[in-house]
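A.B. asks: Protein sequences appear in the order of chains C and H. Taking our numbering, I'd label the letters of the first sequence as residues 1 to 408. Taking our numbering, I'd label the letters of the second sequence as residues 409 to 528.
It should be emphasised that the hints constitute simulated quantities derived from the structure, not laboratory data. The structure displayed is predicted, hence computed values, not measured ones. Check each hint, because a few of them may be wrong.
[Claimed, not checked] The following residues of chain H were derived to be distant from chain C, with all beta-carbon distances above 10 Å: (1) 439; (2) 444; (3) 457; (4) 460; (5) 487.
[To be verified] Straight-line C-alpha distance at most 25 Å; calculated SDA-like pairs for lysine to any residue: (6) C:372 <-> H:438; (7) H:445 <-> C:100; (8) C:372 <-> H:461; (9) H:445 <-> C:407; (10) C:372 <-> H:440; (11) H:486 <-> H:469; (12) C:108 <-> C:146; (13) H:445 <-> H:431; (14) H:445 <-> C:258; (15) H:445 <-> C:13; (16) H:445 <-> C:405; (17) H:445 <-> C:322; (18) C:372 <-> C:285; (19) H:445 <-> C:357; (20) C:55 <-> C:13; (21) H:486 <-> C:146; (22) C:55 <-> C:80; (23) H:445 <-> C:352; (24) H:445 <-> C:406; (25) H:445 <-> C:378; (26) H:445 <-> H:469; (27) C:372 <-> C:398; (28) H:445 <-> C:108; (29) C:372 <-> H:444; (30) H:445 <-> C:252; (31) H:445 <-> C:101; (32) H:445 <-> C:160; (33) C:160 <-> H:501.
Beta carbons: idealized from backbone N, C-alpha and C, even for Gly.
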Amino acid sequence: MDARATVEHVVRASYARLVAFLAARSRDVAAAEDALAEAFQAALVTWPRTGVPEKPEAWLLVTARRRLIDAARHARVHAEAVPSLLAAAAEAQEMTERELEFPDERLKLLFVCAHPAIDPNVHTPMMLQTVLGLDAARIAAAFLVQPSAMGQRLSRAKAKIRDARVAFELPSAAELPQRLDAVLGAVYAAYGTGWEDVDGADRRNSSLAAEAIALGRLLLRMMPDEPEVKGLLALMLHCAARCAARRSANGNYVPLTEQDTALWSRPLIEEAEHLLRDAGRAGRIGRYQLEAAIQSAHAGRARTGCTDWESIALLYEGLVSHAPGTGALVGRAAAVAEARDAETAWSLLQTIPAEAVASYQPYWALAAHLLKRMGQTTQSADAYRRAIGLSEDSALRAFLTAQIPAMP
Amino acid sequence: MNYTLLIYEDAAGFDLRSTPDAAARQAYWGSFMAYTKALQDAGVMVGGAGLQPTATATTLRMRNGKRHVQDGPYADTKEQLGGYYVVNVPDLDAALEWAARIPAPPGSVIEVRPNLMHEG
């Protein structure tokens, strides 16, 4: 990270802590963001030049309070929220001045973003905006949505939080597993839309990968005892470790099994392995630990020189019974093809309903590969073309084109 | 709902269609064929066409009831319309998903527009 990026990181973290603090007290995310918007922009411009102030939150609060008082006069911020926002801002400023521990309410904000009352399609975008301070245009680009449409979706969700009075509280122990699942799912969605995509097949969301890892680390700091939080972070770190190996020197796509393990990041792999071992001690297995374990098995090739497909197939078996998504079903068939044979894998692939895979690229890439191995040249070429047509990435298209079997 | 995906390519993009580099030429045509196949197999393809380069374009303007015919494309922009697809999908999000998969060369721009619905 360069100096500018470091400053931006601090600005965004302080901003998010304040948004969370003000929103938790006013129950109005949009008003809290409005109140801090100017201060946030000012900090983004000023801090890279002057350096980060000793008390970043206090600096932001001074600007934000001035704007709130101004807004109260002109009724610019949602009027009802202004008194509670002003009170909260005053409270926050007093805390920073008296060097008191500033309460970090970002965890509550994460749970609000992934609340069951909120449209699931907005969970991830809202987290990126409110908890990480990303702007709507960048979020819209990552999710292939018009910027104005994304803005509308986000404001509708925030209006619902305010009007339906969604509670800024941590879920009870009974609710926690399900609610945490939604939070983890939203963080994972920022990393990639599906399992294969994580490996670089889909370039669209790769710009958000670093942001997703930042969310994962934040979540781990705030929930250090949850094995699935560790599992998810381990999964993302394992995939991030391979970043440099996914393309050859001349930009060609390199599949996971052919990547040069010397290009994998050892520190990231070690961190991921440590997290996964740590998660395992809790004795509560889950989807993300299983997915991380699959990645851990792939990472093993760096030590042993070969991939343990038997273990990977077994782990996929576990994953399918925990979370039978299309990605897991395709992944299991791919592992079985390597551990056993193409015919067995093909029969597994045939059990996936056709409508689930109509536009799912990894399915067609695997189907094409299996058909080629079974000697069904014409069908294989057909499936390859369909996989190519469903790819967004030109390097992947070129790779798949080269795999099309020659007609006999 | 029908959406039209308009593909604007720059000169380098148009050149790829007939480049002497056989591999690059085949990659260009092959990826468009594959994309069209994916649209058809997913059951969303309504229609579309690839257009010849702008050197073949003729522009007709109506002024004061008179027709003015001119050699060349309508707009003198860096990117020119190279072709289009019409897809039938439930919403703009789905149309954008398909637009993102268009294997247009770097520098291309895809414009997505909902088609007019028929009256009545």
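A.B. asks: For which of the previously enumerated hints does the structure constitute a violation, in increasing order of number?
C.D. replies: 1, 2, 7, 8, 12, 14, 15, 17, 18, 22, 26, 28, 31, 32
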